[in-house]
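Asks: Full structure from sequences and hints, please.
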Amino acid sequence: MCLAIPGKIKSIEYQYDGLVRMAKVVFGGITKEASLEMVPDAQVGDYVLVHVGVAISKVDEEEAQKTFKYLEEIGEIDELVEHAQIDKNSIDEGISKFL
Amino acid sequence: MCLAIPGKIKSIEYQYDGLVRMAKVVFGGITKEASLEMVPDAQVGDYVLVHVGVAISKVDEEEAQKTFKYLEEIGEIDELVEHAQIDKNSIDEGISKFL
Amino acid sequence: MPQLDFEVITLGHGSGGVLTNKLLESGVFDLLKNPILDDHHDGAIFQLEGKLAFSTDSYVISPVFFPGGNIGELAINGTVNDLAMCGAIPKYLSLSFILEEGLTMQEFWEILLSIKFAAEKAGVYIVTGDTKVVERGKGDKIFINTAGVGQIHPKAEISSRKVQAGDKIIVSGNIATHGIAIMSVREGLEFETSIESDTANLNHTVKELLDTFGSDIHLFRDPTRGGVATVLNEIARDTKLGINIIQKNIPVIEEVYGACELLGLDPLYVANEGVFMAVVSADVANDFLAKLKTLENGLDAAIIGEVVEEHPKQVVLQSKIGGKRVINMLVGEQLPRIC
Amino acid sequence: MPQLDFEVITLGHGSGGVLTNKLLESGVFDLLKNPILDDHHDGAIFQLEGKLAFSTDSYVISPVFFPGGNIGELAINGTVNDLAMCGAIPKYLSLSFILEEGLTMQEFWEILLSIKFAAEKAGVYIVTGDTKVVERGKGDKIFINTAGVGQIHPKAEISSRKVQAGDKIIVSGNIATHGIAIMSVREGLEFETSIESDTANLNHTVKELLDTFGSDIHLFRDPTRGGVATVLNEIARDTKLGINIIQKNIPVIEEVYGACELLGLDPLYVANEGVFMAVVSADVANDFLAKLKTLENGLDAAIIGEVVEEHPKQVVLQSKIGGKRVINMLVGEQLPRIC
Amino acid sequence: MKFLSEFRDPEVVEQYIAELHKITTRPWTIMEICGGQTHSLVKNGILNILPKQITMVHGPGCPVCVTPLTLIDKALYLAEEKNVILCSYGDMIRVPGSKKSLLEAKASGADIRIMYSPLEAVKIAQENPSREVVFFAVGFETTAPANALSVLHAQRLGLKNYSILASHVLVPPAMEAVINDEEAKIEAFLAAGHVCTIMGMNEYEPIVEKYKIPMVVTGFEPVDLLQGILMTVRQLENGEAKLENQYSRVVKAEGNLEAQKVIAKVFKTDDREWRGIGTIPKSGWEVSDEMAEFDANKKFSVNIQKVPECADCIAGQILKGIKKPFECSQFGKACTPLNPLGAPMVSSEGACAAYYHYSEATEEVLA
Amino acid sequence: MKFLSEFRDPEVVEQYIAELHKITTRPWTIMEICGGQTHSLVKNGILNILPKQITMVHGPGCPVCVTPLTLIDKALYLAEEKNVILCSYGDMIRVPGSKKSLLEAKASGADIRIMYSPLEAVKIAQENPSREVVFFAVGFETTAPANALSVLHAQRLGLKNYSILASHVLVPPAMEAVINDEEAKIEAFLAAGHVCTIMGMNEYEPIVEKYKIPMVVTGFEPVDLLQGILMTVRQLENGEAKLENQYSRVVKAEGNLEAQKVIAKVFKTDDREWRGIGTIPKSGWEVSDEMAEFDANKKFSVNIQKVPECADCIAGQILKGIKKPFECSQFGKACTPLNPLGAPMVSSEGACAAYYHYSEATEEVLA
Ligand code: SF4
Ligand code: SF4
Ligand SMILES: [Mg+2]
Ligand SMILES: [Mg+2]
Ligand SMILES: [Mg+2]
Ligand SMILES: [Mg+2]
Ligand SMILES: [Mg+2]
Ligand SMILES: [Mg+2]
Ligand SMILES: [Mg+2]
Ligand SMILES: [Mg+2]
Ligand SMILES: [Mg+2]
Ligand SMILES: [Mg+2]
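Chains as they are written, first to last, in the working numbering: chain A, 1 to 99; chain B, 1 to 99; chain C, 1 to 339; chain D, 1 to 339; chain E, 1 to 367; chain F, 1 to 367.
It is worth saying that the hints were derived from the structure and are not from the lab.
Since the structure is predicted, the reported quantities are computational estimates derived from the model, not experimental observations.
Yeah, the Cβ is synthetic: ideal placement off N, Cα and C, and Gly gets one too.
This list has only true hints and no planted wrong ones.
Computed spacing ranges between beta-carbons, pair by pair:
#1 E:293 / F:158: 28 to 36 Å
#2 D:33 / B:11: 53 to 61 Å
#3 A:43 / F:238: 39 to 47 Å
#4 C:5 / F:182: 35 to 43 Å
#5 C:7 / A:43: 51 to 59 Å
#6 D:185 / F:158: 25 to 33 Å
#7 E:271 / F:155: 49 to 57 Å
Where chain A lies over chain D, by a calculated footprint (3+ residues, C-beta under 8 Å):
#8 193-199
#9 257-267
Sample of chain B residues lacking proximity to chain C, with all beta carbon distances greater than 10 Å (derived):
#10 13
#11 16
#12 20
#13 75
Replies: Shown next as structure tokens:
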């Protein structure tokens, strides 16, 4: 459930007599309006996660990087290349299981 | 103004708890509903003059015949045939006036 | 009707995906089956030589089902007849639907059956098609477009340039019947009648006439929208000649006449189907009429007037009582009058 | 735009009478003028020899004006392209309008201009037509049907029967652009974008490819409604062969990609215009691609997959990350998702 | 069709025509008040088979033509701004208001429906309880009973969403306005048969008396019209001025008393503006106070600017028979049936429209 | 697109796959609760590149699939009988109620509109003051803030014609229901990243503690999912049972406090029926008493008959991972995506629908 995608805030305007912050958020070249009511500290330039027209979270750049350091962290990165070769076969087997 | 044409009453039914008489009236093979509220004495088989869905008068057969007896009555019917010939020309003149 | 797992048409049936395929393969393709029919490709391919005629019409009639027929046969007959009016032998038709969401499959199937029978009767193949679905309230149950290709009859020389003073004008049957049949079921105007639309394919009759009278037939026209009056005016305008029409010769059935009186309409302006007009040279007019009366849909044919040198571009009608008046083109739609 | 004494279309303009004539003669006929155009008759007459292609489509797009074009050019390009997909040189088109009461003359005129330019650009003549008007609320501004006749290219041997394992599948440009451009202006979904519809006539490009590669081209298809996925499935079904597609080879521009992410759509199912797919023999695939890249609308062409013996009737996609999945036909319309 | 076909019999027509040609010795100008009679004269080609000395002048008797601009604007306002379902007779919807016609408003989205009968409009109101339904009740005396009945039906049904926009005009005051105009030179009248069916002939006695002008209540078929004209010419030739009844098969001296009762219940007499002529005192019917809740004028507060008629239009003089259409500077130029500037160009029985069609022919033939 | 493209990088995917293959020694059954994750697994072809020992079970986390029949019937009733403008997310309108789907109702004339956002529905209400607008507010915790905001917006605008038909389900109770089912043999969970974005991770600590079951809060992109699975398998292989957060770029332990405030204002916790599973105590949100005027359930008196699910459908067992779709007697026969009998065949991420597409392939290949 819950298709939400990250976009960059291009501009912010106020609606309802200044009560509500609405942003133009850019997603890969397209722009869509989103409410910033759930992310009061989001500013122009920030990335926010938008779900059905509402930004539900800011996206944290630093935390994002952790995913790419995780394998290194768990200290196993060196042995990977050879395994990758082996797995090619196992992948094809996997497919034929489904077809 | 006031396109009204004569038709023959085929059937009569009551509407609004019997307050209103509505008739099926036949006009040269087609049938249309008409209110009989303005012709309280009209019965099945009578001819009525219908205007925008309302019968506004019965049609009197005897009176209708008078039109065909009128020329005779005014005592001139005998001399008509020769005039009719003459008038053919005058008709064509009449037409060319308009064209 | 085939067993289907849907009862009404929805937008998905026009999406081009599974539902569109389901709809088409549920029986549409089977129903219209013929050697050339759209081989799941974007068009049909066939061989035709010589002079060709090509015509199209969209059909938007309301109601879709009317006394005497439905929009399906109308759509086939209409284009078949337009081709025939060009002096062509109709061969191949395209068939394109714009369906409104909510059309029931049962209605659609009934229309399809009419299409099938009308095409068979006219001897034409439906070889390519298209189906679109529009949202509820953006259409009117079903619109149909047909386009058609035919081969010009070898003896045909149909052209307004061939029309000359003295030519006789013939209608092939009672006029205004179709338009009044439709009117009888319109909201706010309904009346009871046994009048039925006389929609029919005219191509077989036209072909026989061309076989026999060839180049003595100068023009064919089918007086659909706008009626006989509009076609007469168009002929007068295009030929720069005058036309005289004799009202008492114009065939109208009594019920149609009655409905016209009631609603204040002039049958000359009421739409026709299954009726054509021909302009033929005076020499053959009587023979043409006699022959036509023996052919399909020709029994009530009549010579209604002639082409004249006088009053160029004008159509003059001699009324039943001997008066004359100019018959103009229709301004706007004919609407029922109160006065 | 000509000076007219009406600003909006009313029912009278479809009545077949004076208003219909006024509308058509106000400039429509002038605008589309060509030697064969409907001589005020019921159809067009022309000479064509050999193997012919015949195709039709109705256009019902909403909104009528969209980023990058309008329904008019779509209607011309659509049928031109369907003919081209048959391996034909498009020649003559019919043009049929279903106008909704209230369409402004200005909008209609703008659409007519697009039609004119699109027909000129494609090198086709509009030779016959029809105009109907439906009541407000029974249409959607304007529906257009076009049908077309073309001559099969002498070297063309387009047929799903020619497709064989090993053949390469090529798309001629970025996919899903048109569908997303339309979606960007739909009520309830609107978003800002510079994406424009890429509607275009493909016949010139197709002709040059046929000139060069002739019978090595086994199939052309334009992935309009239902998108690339539907065409791939239809090919697999018709040929009873399998198809493998490489996701990373499929050209999609970034903005279209973004919009698909936002709305939960799969670009493989989004409608295209101005894009075709070709199935060509493996020998010529690279040359074909190289040539196509030099032709109009072919710059972004790519080989996206191939025909295989395995998994007959199935389309299998290798995802960007190396996984595989079956690509099915679209069930119903693609709708924006929340999950 | 009985009572129609006989009255279109060419032989009888021929006899009447012959008699007319025989007895007519001098030029006579006769006005047929009723647009329906104008229509029949034109449609059957009667005008050009009459003796040349007889000039038929087409009177103001077309309810559609004389409906004032302001009222059409009002109907437009109700349809466009108040979101009502506006029901109307077919020929009314083509008549231009100050900016557009109902037909154009319909094309632009207003819910305007063509009815054969006002009783159908009541059904529409029944079927659409959440919408206001207004019937545009135009007409002369003939149509008043039907329009009135629709109100009574709505009342019986307890409908709160039905009302009428009344535009009812009366023949006798208009007739007097024509006679009183110094420039009008009408020597006799064909009175309108269907109006008299409702109202009888008694109203006309005083006019005939007062102005010493022949008048024949006449029907609508060719034989009716020719008999009516013959009766009129006989009076003229004999120097008489009587009220006669050609149309006795439906017209009684006292009219239709039931219909008069219904009218009295729903309408009240009032001054009324006639398009092209101006305001004529006591020449129209408004909805009565008793039935005020069915009066669209009262139900919807509409304040429509009165817009002047086109200044160049000489409709007033045309409708009174003072001038012929081709004497108007706009005729056939700015003013055509497709784009009428004034009332008589509006409907097919309007004098300007009738002449327009003939003059088209003339131009062609002369060219 | 930043924060998307990196997480789809084939090289990174390859590394994670390799690591997974390396460390997996035994069969493991892991449930991804969230339908969005199911979708991503299927769409990216991840299922068939995982080690064969890993079985992913698709959980009940598709709000569209678990919306009960009765509620769909209610929405249908409002659209068809009450003439409301019913606004809904696109994937909801295809789901069949007891007689038809909203899409079919729309085809038959109901005014049903597809919205990207509930805030758009509020605009529709503003633009149609004379119509009632109801938003069919389905969703898990993720969607609740947006649905709630629409109510607050309507309140600020003083709209009296806007309400929501709430169908809000909650993840933790459903998770416990799955765990507590004796037949379900789920050994670990991927928790739903976007649900946790709103609610945080604190709700899950007790579950992990109580049932000693590994749980990783996971994102939706291929790399996210693979990292999440890897973290889960590492726990499983190591015999651990921890709550971990793979999706830390958006999920904070405490969740989104602003969103929680808005939810608390508009909703209250209640028992809720899950299609295919049955009623789970305290597993849903209803509109709070304070906001009762925006509750379509209260605004419209609707008495919908509760209709039983198809008796042959084993959706409950499917949604809990107890049975595979092809073990259902209706699968691929009476029940297909075009004509689904039960929740898991309904939307593209439903387990039965996913298997249906694969099995089609299988049949063909085997034939
Ligand atoms: S021609 Fe037109 S402008 Fe002149 S009097 Fe007649 S209606 Fe008026
Ligand atoms: S296949 Fe259909 S009937 Fe069987 S469990 Fe799945 S949804 Fe239910
Ligand atoms: Mg045609
Ligand atoms: Mg229709
Ligand atoms: Mg035709
Ligand atoms: Mg098509
Ligand atoms: Mg024709
Ligand atoms: Mg096509
Ligand atoms: Mg459209
Ligand atoms: Mg196409
Ligand atoms: Mg046509
Ligand atoms: Mg195509």
